[in-house]
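From these two lone chains plus the hints, build me the complex, please.
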Amino acid sequence: MVETSSPLVAPPPNWWKPAGREEKLWIGIAAVWAVSMFVMMVIIWPAIGGQQNQIHSYRVDPSEFQAYTAAFIEEHQTGELEGVPVVSPPPDTDIFLQASQFQWTPVLELQRGETYRILMSSIDVQHGFSLQPDNVNFQVLPDFITGLEMTPNETGEYTIVCNEFCGLGHHLMVGQIIVVD
Amino acid sequence: MTAQAANSTNDSILAGLMRRCNITNLAIDRNAEKLIMVNAVVSVVFLALGGIMAMLIALTRWEMVHLLSADWYYRVTGAHGAAMLIFWILFFEVAGLIFSITVILNRRLLMPKVWWIAFGTMLVSALALIIIMLSGEATVMFTAYPPLEATSWFYLFFITFAVGALIAVIAFFIELVNARYRGQVGPLPLFTFAMLAAAVLALWTLVSGAAALIPTYLWSIGLIGHIDAGVYRLLFWGFGHGAQQINLVAMVGVWYVLAALTVGARPVNEGVSRFAFLLIILFIHMGAIHHILVDPGFSQLSRAINTSYFIYGATIGSMIHALSIPAAIEMAQRRKGFGQGIFTWLKKAPWKEPGFSSLVLSFWLFGVMGGISGVIMGTVQINMIQHNTLIVPAHFHMTVVAGTTLAFMGLSYYLIPLIFRRDNVFPGMAKVQPYVFAIGMTIWGLGTGFAGHAGMSRRHWDSTFGDMPLATDIFQSAQIDISLVGLGLGALIAGIGGAMYIVNAVATVFLGKKTDTPHLPGIDKDALTPADISAREAAREGHGHHRGFEFPGTLILVFAFLVLFMILYATSWFELSTITWTIE
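From first to last, the protein sequence lines are chains U and S.
Oh and the first sequence: position 90 is 90 in my numbering, straight run, nothing missing.
Oh and the second sequence: position 263 is 263 in my numbering, straight run, nothing missing.
Reference listing, derived: stretches of chain S covered by chain U, where coverage requires no fewer than 3 residues with Cβ under 8 Å from a Cβ of chain U:
| # | region |
| --- | --- |
| 1 | 67–76 |
| 2 | 270–279 |
| 3 | 297–310 |
Under 10 Å between C-beta atoms, here's a sample of chain U residues computed to sit facing chain S:
| # | residue |
| --- | --- |
| 4 | Ile27 |
| 5 | Ala31 |
| 6 | Val42 |
| 7 | Val84 |
| 8 | Met120 |
| 9 | Val125 |
| 10 | Phe144 |
| 11 | Thr146 |
| 12 | Met150 |
| 13 | Asn153 |
| 14 | Glu154 |
| 15 | Glu157 |
| 16 | Tyr158 |
| 17 | Phe165 |
| 18 | Gln176 |
Read the hints as simulated data drawn from the structure, not as lab findings.
For every residue, glycine included, the Cβ atom is placed at its ideal position computed from N, Cα and C.
Extracted from the complex, chain S is given alone in its bound form (with noise of 0.2 Å):
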């Protein structure tokens, strides 16, 4: 920040327009403030609606109890998308937009009322989203496939949501140029920086959903007589599946943030984070084609090329920052004096802290369960045996909620105090609350995941296909039963999870008490410190210089998800060899 900035923000303090953190010594813009309130309490509201859906279709799917009636399951699966991939995560990254584009760079909103009416759009549309889709008129999934038709209001409200949070996008972009033009900002922070590669990813992702869902809403309103099904779903799917790689790369964003706050962690080396998020940015979206693996309409090697991120782009990407994440904590430990033997800094970290847990969590879960089964489900014969089966749901629950999710709520537990200045109402729920919800999650995802592998349908009310003609049993099986016993429990514990963090965050909000200085003690002294310029010059004169590994640890538990992932993918060509049908 140069000089003549700094004078303005000091200038914008004393004119009440922006408060300095007592915490993190930040300048907070009061319009700024206000917005990631908002936004942030909106994603709260909608991450506890779609838990309580959630309930109601696990507990549906879990034939013991088999709860709701066939119509309610499918409004209430379809309702339950929308709240969890699009309402709850969208509105918390408006939030980090907002976050990333202000208090970390100490600057000004300059246009809050063009992103108040991105909010106001954005929940408008949600609201009225979640109310047709439960009404019966919309009974169309999250995905809403044409020709099967819903009311013609669906698609709008679709449509002006995604304009909202594409205003939202745009504002980002307007802000981050103006930064950059008033000295505001030289290099972006890693945490901006990966939001800007969200907000990239978002602007493509936006695009697609609108040529997906305007010609369809011209269907619906019989201006257009005919829709195609296949372009439907090959541009649906560059929203829907891109939606989720915005979710990737800022949940990537706030894992550094919280390794940064929890332990004092660094990016072990700027450019190799950043170079990772540019081969997300240059090749993830060509993953939309995982989607259509088994559709008519492309030759297989397209499909190959497309699926592969052309030769696993951005899995290369993944895996970067799958080694610079656990390095970053592990030089951090060692720096703090815990660098005896291989894992003391891993023995020796502060596991009690919800922001450390949720992030080594979320790192495990969304690497190993998620990463893994989504690159194995992206292979062109592969996708055959498991495409629409419940190992979907399974691999995505992983990436997004036990992934995103869970890192969202880490973060949040600084976050809110900071924003809302109220201390935290309940720490020591805090502190259990992400086990609680990463046990439920996993154990939800092998139970689905081992039920899809037996084949059974994601989005199906009965798998039991009771007395109707040409009916099967074939579902009925003890490890199909055991399966749905881990998916119902999975997602009860879960969801004793998710209450607990929604508890605490509602208490918080609303009852905590009223603190200029909020109490946190997890917060690391050297959370947000700059480069120490003396060490980096020492380092290019090659004083810096190391013989031995500086994360041995790390490289161990890289190499051994390595072995895990080709495990895995050995195991998935295997079971598709034993298919007794021949398929050419």
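Bound conformation, chain U alone (with noise of 0.2 Å):
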């Protein structure tokens, strides 16, 4: 003897019936666990953890932002890797990341322990910001600044990968993040 129809079949006028106690149970603690879930987005990981996710919006002419990096290179460049001007900033300056297809210009060498503010931008089309061996990701646009402020705890080299599709030379696209004692 079943009390509810088939899905396949309308039920009677008087179809609604209260919830079960298993039923209860369970959506209370679905719901509980969302409420958990939430609370660690929203409270607890932001009071305790490393990785945040604070992006400092601005908007951005391209051809202004491109006016940015270039006198950023000019102020800092010292020297030249495979091509890409290599630069060092102090960590007090704004540091400025270009995306364009299919470069990521230019080569930052950053000093471990410091805290930088880098601002991303393309001046074409959408990228992909992956900092690789670490895998943190961000979505470049153009006419957007993505900021970040990040701090390498650790020396090394990074690869910065675009892993947004961008065009045909897409998986050409690579930069590089130099970290120094």
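In structure tokens, the structure reads:
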């Protein structure tokens, strides 16, 4: 004897009945778990975590951003790596990282333990900032600045892969960040 | 159905406008039948096309094989996304909309011509889009993020496809209102209710898609000078993610149907199941912001509120279905006499019935691999270590392919013989097909997921980087090599499973033995029975009160699921904490 209809058959007009004990239990547990995940994301991790996602957003004209990057490179360039300028900026300046089809400019040389304000934007299509091998990913758009305060805690060479499809040369687009003591 | 409506059905049958199915005893409108047939056939054609492209993509990402050139890899990846995520699924869903509004309501289609217009518009647009994407004139991926530009025809046909689908959705609402107005239906059957939920989501989804693509089209023909990349992403994902929520809701509806067809299962409580659909309707659209968690433009809090569907409202809905589907199966099995112990009902289930195995495998893979990974990925901070890596396609292939596609395959083992009135040509193959497909997708999902976990990007032709400036060899490791073997072999196995399905479907439609009583021994005798009024009254008066648990096996299963969810969730936070950079 079944109280409910097949899902392929219209139920009788008085189809409503209150939820059973087991269902109430599970819905209650699901709700507690949902609230817990929400509290973890909105309250707990922001209080204790070292990896937040506080993007500082700005509007910028691509040509303007290109000019900022050029001035930044000119002021802080210390060398060149495989044709790409290398800059060694002090921590208290804005760092500009420009994405374009199909390169990241410039190569950044950063000090371990210092906090940098990194401003990224694209001068053409959409790109993706993917810092490897740590695997940290951000979207880079034209007309917007994706601004992040980042601190490298270990020395070494980090690769920036483009992980947003940006044209037929997408897979050729790599950049570098070098962290020194 | 009222007596008046029943009379009109009988008149229609006498006039040859409807026929009575000998298996289900449902009255089927000839017009609806034809429309269901053409939509189903076209959907399977796109599934075949998308499947072939899937093989080419997998054999390219598998670096040992690296089949396609870069140009073709990107073309095919875009066309594969459109064929699978949009065309295969949407044509099948339109067939489902028509089925839910005619066949199971025993009514005729009010406006078949409008449905034909919707079908024609969608078909022409879909074919045009595939041709354009493969021609190299629109190598912008299925997402088509501006300002990367495609030929303006691409945006135009994208819009006309959405318009076609919108016509179908609006026609569905009109049919439903008409059915109610004529007294053809009171409370909706649960499957029709699920399709109504899907249609509500589809309405918003398609409007959002139009809002993204119409300005982009105007920009591509020069009428608008500038297109905002950030706003496009927000609107596009209202469409792109929304479309997947339609699939989710339709798939859950199909799960209930498969459980009813194969073991005679009923929703444990119609109100609870409907409430879960309502939660999904109310909250799931906020989840479109999943896709822009690492974009500039929104505060962290607004991204967190939205991506959690406001405190995971839609997740609760999904977790309710996660209980009510297996509970319905368990109770049906216990009624049949498989009531001993905790799991006898599961052991004695019809595992050789393709509808049942598809249901269980789809449910399992969707929930455990697709669902959990999706909630984790939609966490603002954790998204930083997953965005645009191969974990993303790993997640949504578990939901759309291992989940929705497998459930739709399972349903069509019944729908095709009943609608086309032909016998399944390869019933033996149908028994193993869901397993082959599910095993392949599991291996593919694990391989792709672990490659993404190691940082590999999606939509990336060559992760060895060759000898270009600043090249890196970070993606050349044993872990990644093994993951890619999983990706490649898993795809091939799933491809075999997919081919088995398509061969069977095509052979049945064209070569199956014509019959008015297709051989479907697996359909349960209770598949289409209404509620038992006396049992209902007894329950109301308290006679049906029970002391033990009604479905103890299901409770154990869902608690095990929750524990796994918690472990994976905690592991992901731990992974995030191991990042050597501090990110404020």
